[in-house]
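Note that the protein sequences, when read in sequence, are chains A and B.
Heads up: the first sequence runs through residues 1 to 275, numbered per my numbering.
Heads up: the second sequence runs through residues 1 to 306, numbered per my numbering.
There's no promise every hint is true.
[Said to hold, decoys possible] Computed cross-link-like contacts, SDA-like style, restricted to lysine to any residue with a CA-CA straight-line distance of at most 20 Å:
#1 B:106 <-> A:83
#2 B:17 <-> A:85
#3 B:106 <-> A:257
#4 B:136 <-> A:187
#5 B:136 <-> B:91
#6 B:17 <-> A:3
#7 B:106 <-> A:8
#8 A:98 <-> B:75
#9 B:303 <-> B:3
#10 A:98 <-> B:55
#11 B:22 <-> B:214
#12 A:98 <-> A:85
#13 B:251 <-> B:235
Calculated directly from the structure, the hints in this document are not laboratory data.
Here is how the chains run, residue by residue.
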Amino acid sequence: MNNILTVAAKEIREGLRNRWVVATTLLLAALALTLSFLGSAPTGNVGVNQLDIVIVSLSSLTIFLVPLIALLLSHDAIVGEMERGTMLLLLSYPIGRKQVIVGKFLGHIAILCFATVFGYGAAAVALVVTGTEIDAASWSSFLVMLGSSVLLGAVFIAIGYLASALVSERSTAGGIAIGIWLLFVLIYDMALLGGLVAAGGHALPAGLLDTLLLLNPTDVYRMLNLGSGGASALSGMGGIAEFAGLNALILIAALAVWTLAPLALAASVFSRREL
Amino acid sequence: MKDPTVRISGVAKRYGKVEAVKDVSFALGEGETVALVGHNGAGKTTLIKLMLGLIRPSAGEVRVLGQDPATGDFSVRQRLGYLPESVAFHMALTGRETLAFYARLKRVDVAWAFQLFDRVGLSAAAADRPVRTYSKGMRQRLGLAQALLGQPRVLLLDEPTSGLDPALRRHFYDLSGELRAAGTSILLSSHALTELEGQTDRVVIVNEGVKIADGTLDSLRSLAQLPTRISVKVANDGSAAKWTSNGARWKETGRQTLEAEVAAEDKVAVLKQVTSDPADVVALHVVEPTLDDLYAHFLDMRKAAQ
Numbered sequence: 001m002n003n004i005l006t007v008a009a010k011e012i013r014e015g016l017r018n019r020w021v022v023a024t025t026l027l028l029a030a031l032a033l034t035l036s037f038l039g040s041a042p043t044g045n046v047g048v049n050q051l052d053i054v055i056v057s058l059s060s061l062t063i064f065l066v067p068l069i070a071l072l073l074s075h076d077a078i079v080g081e082m083e084r085g086t087m088l089l090l091l092s093y094p095i096g097r098k099q100v101i102v103g104k105f106l107g108h109i110a111i112l113c114f115a116t117v118f119g120y121g122a123a124a125v126a127l128v129v130t131g132t133e134i135d136a137a138s139w140s141s142f143l144v145m146l147g148s149s150v151l152l153g154a155v156f157i158a159i160g161y162l163a164s165a166l167v168s169e170r171s172t173a174g175g176i177a178i179g180i181w182l183l184f185v186l187i188y189d190m191a192l193l194g195g196l197v198a199a200g201g202h203a204l205p206a207g208l209l210d211t212l213l214l215l216n217p218t219d220v221y222r223m224l225n226l227g228s229g230g231a232s233a234l235s236g237m238g239g240i241a242e243f244a245g246l247n248a249l250i251l252i253a254a255l256a257v258w259t260l261a262p263l264a265l266a267a268s269v270f271s272r273r274e275l
Numbered sequence: 001m002k003d004p005t006v007r008i009s010g011v012a013k014r015y016g017k018v019e020a021v022k023d024v025s026f027a028l029g030e031g032e033t034v035a036l037v038g039h040n041g042a043g044k045t046t047l048i049k050l051m052l053g054l055i056r057p058s059a060g061e062v063r064v065l066g067q068d069p070a071t072g073d074f075s076v077r078q079r080l081g082y083l084p085e086s087v088a089f090h091m092a093l094t095g096r097e098t099l100a101f102y103a104r105l106k107r108v109d110v111a112w113a114f115q116l117f118d119r120v121g122l123s124a125a126a127a128d129r130p131v132r133t134y135s136k137g138m139r140q141r142l143g144l145a146q147a148l149l150g151q152p153r154v155l156l157l158d159e160p161t162s163g164l165d166p167a168l169r170r171h172f173y174d175l176s177g178e179l180r181a182a183g184t185s186i187l188l189s190s191h192a193l194t195e196l197e198g199q200t201d202r203v204v205i206v207n208e209g210v211k212i213a214d215g216t217l218d219s220l221r222s223l224a225q226l227p228t229r230i231s232v233k234v235a236n237d238g239s240a241a242k243w244t245s246n247g248a249r250w251k252e253t254g255r256q257t258l259e260a261e262v263a264a265e266d267k268v269a270v271l272k273q274v275t276s277d278p279a280d281v282v283a284l285h286v287v288e289p290t291l292d293d294l295y296a297h298f299l300d301m302r303k304a305a306q
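Work out the full structure, taking the sequences as your base and the hints as a guide.
See the structure below:
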């Protein structure tokens with residue numbers, strides 16, 4: 001446990017030192033603030049809870065940005081250290097390879113957590129400061145959004161580690177990371193949409209749609225944040241969400257599986273790898 | 001040798017079809033300094049990685065402080081110091097942060113660890129700068145400092161002096177002398193052979209993954225029976241004619257300079273004869289076979305055997 005925390009602390013310190021933390025926090029804050037002020041313009045102040053609008057825009061932003069940031073952080077984690085030679089020295093120390101991975105994971109999650117909470121928190125604070133009234137339900141949706149954004153980041157950090165543990169060159173890991181991002185963020189949903197159109201209005205069996213949605217972590221995230229509460233009406237996701245029989249617990253569990261499975265796989269690949 | 005700290009017996013390591021190490025056996029005693037000598041790609045680094053447990057042998061057995069380093073208890077690694085070839089650190093961290101990080105992993109008191117900066121000759125100002133700004137020499141000093149964490153009983157140093165300036169190299173050998181006196185086993189791999197003279201108790205020569213020689217410098221010398229080269233600058237050309245006995249064949253290598261290669265047992269007699277009339281001799285050099293010559297000799301012998 002000590003070793004894990006030592007590695008995590010080192011990752012955080014490195015993240016602070018090479019401006020990763022500052023850059024991602026500022027990026028998320030800038031986008032969140034822009035969205036929360038621009039986003040309120042078209043609706044004016046009629047009836048709709050302002051924070052719900054922010055949640056809808058930020059969730060859509062998260063689906064693009066957070067996986068990208070997570071993959072950028074993680075694809076280099078193993079193969080990069082091997083290439084630079086720091087991994088060789090680290091593994092000569094009394095530390096297990098699983099401890100190295102888990103330590104790095106905790107460190108990277110902490111960086112992402114900080115960026116999300118402070119970046120997106122800025123939007124909520126801005127709303128409060130400008131005197132918007134926000135009800136308790138919206139606050140809880142907002143917190144779910146924050147938490148699930150970090151969880152979505154965790155998924156892609158774990159996937160990035162797996163890519164990083166499998167390949168022998170950094171550039172390959174980088175390419176794979178971009179491919180994974182394109183697949184889950186753009187291509188998968190387009191293909192799914194295409195499939196639904198091709199089905200020509202015939203209803204898909206509910207079980208199939210559920211499975212297809214659970215197979216993409218970004219869709220799971222989307223369902224979780226846009227499928228219920230005030231946000232569902234705004235985003236138009238409510239329709240699918242009602243149709244699909246997935247409740248919040250199943251969705252959160254799906255994200256957890258999406259995190260733990262690649263992480264465990266990455267650890268086992270890395271453990272067997274020879275330096 | 002009583003209770004070797006490192007023992008390698010019949011070890012082989014294959015990477016796919018490439019045999020990096022073939023049937024190598026040797027042991028490292030307490031307080032012994034052994035040089036692992038060979039070309040680049042001879043299998044030195046592979047052997048060190050095997051001792052660290054970073055890779056597993058395809059055949060044979062590795063024991064470090066009584067344990068298998070690949071599967072054994074991590075506690076062994078707390079008493080193991082390693083300096084990789086061209087050591088790399090996290091560029092964004094300072095030297096102090098780097099050493100503290102490694103000290104925590106080795107369960108070494110961080111305050112104690114910082115004393116090592118002094119020991120390896122890294123100033124306090126330098127320790128607080130990011131590693132990014134370090135010169136090769138400073139990086140090597142930091143590398144040595146981390147290897148010394150926890151007063152290791154076994155030190156594995158991969159090309160520790162490559163790229164260091166002579167002053168730093170001497171400092172390094174002074175340090176290794178202190179450690180040897182304290183009972184640390186030191187294995188250092190190198191291909192800069194001449195500088196190892198007088199620094200090691202034993203030399204292990206590997207080539208193409210095979211151990212081709214193992215012994216003290218003196219025993220290897222007598223095994224190789226390499227001649228000693230005597231070079232004399234004479235006062236006048238005729239004097240060499242007098243020195244014909246003892247089988248020394250003198251060759252003229254320059255103006256008034258003569259050279260002969262004599263076997264070790266004839267050396268004293270030849271020298272006595274040469275110096276019998278001091279007026280003849282302007283300058284005299286006796287060149288013992290260097291480690292380089294020894295190395296070349298053993299390589300040639302191996303080639304001839306194949």
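Right, here's what the structure says about each hint:
1. A distance of roughly 23 Å separates the Cα atoms of residue 106 of chain B and residue 83 of chain A; the hinted pair therefore is violated under the 20 Å criterion.
2. Using a Cα cut-off of 20 Å, the hinted pair residue 17 of chain B and residue 85 of chain A is violated, with the two alpha carbons roughly 25 Å apart.
3. For the proposed pair residue 106 of chain B and residue 257 of chain A, the alpha carbon gap of about 33 Å is over 20 Å, so the pair is violated.
4. Between residue 136 of chain B and residue 187 of chain A the CA atoms are separated by roughly 47 Å; this puts the pair beyond 20 Å, and the hint is violated.
5. Distance hint between residue 136 of chain B and residue 91 of chain B is fulfilled; the C-alpha atoms sit about 13 Å from each other, no more than 20 Å.
6. Proximity of residue 17 of chain B to residue 3 of chain A is assessed by CA-CA distance (about 36 Å); at most 20 Å being required, the pair is judged violated.
7. For the hint linking residue 106 of chain B to residue 8 of chain A, the alpha-carbon distance of about 16 Å falls within 20 Å, and the restraint holds.
8. Proximity of residue 98 of chain A to residue 75 of chain B is assessed by CA-CA distance (about 17 Å); at most 20 Å being required, the pair is judged to hold.
9. Restraint check for residue 303 of chain B and residue 3 of chain B: the C-alpha separation of about 34 Å exceeds 20 Å, so the hint is violated.
10. Taking the CA atoms of residue 98 of chain A and residue 55 of chain B, the gap is near 16 Å; set against the 20 Å cutoff, the hint holds.
11. Under the criterion of a C-alpha separation no larger than 20 Å, the hint pairing residue 22 of chain B with residue 214 of chain B is consistent with the structure, at around 15 Å.
12. Of the supplied pair hints, the one linking residue 98 of chain A and residue 85 of chain A holds, its CA atoms being roughly 18 Å apart against a limit of 20 Å.
13. Under the criterion of a C-alpha separation no larger than 20 Å, the hint pairing residue 251 of chain B with residue 235 of chain B is consistent with the structure, at around 16 Å.
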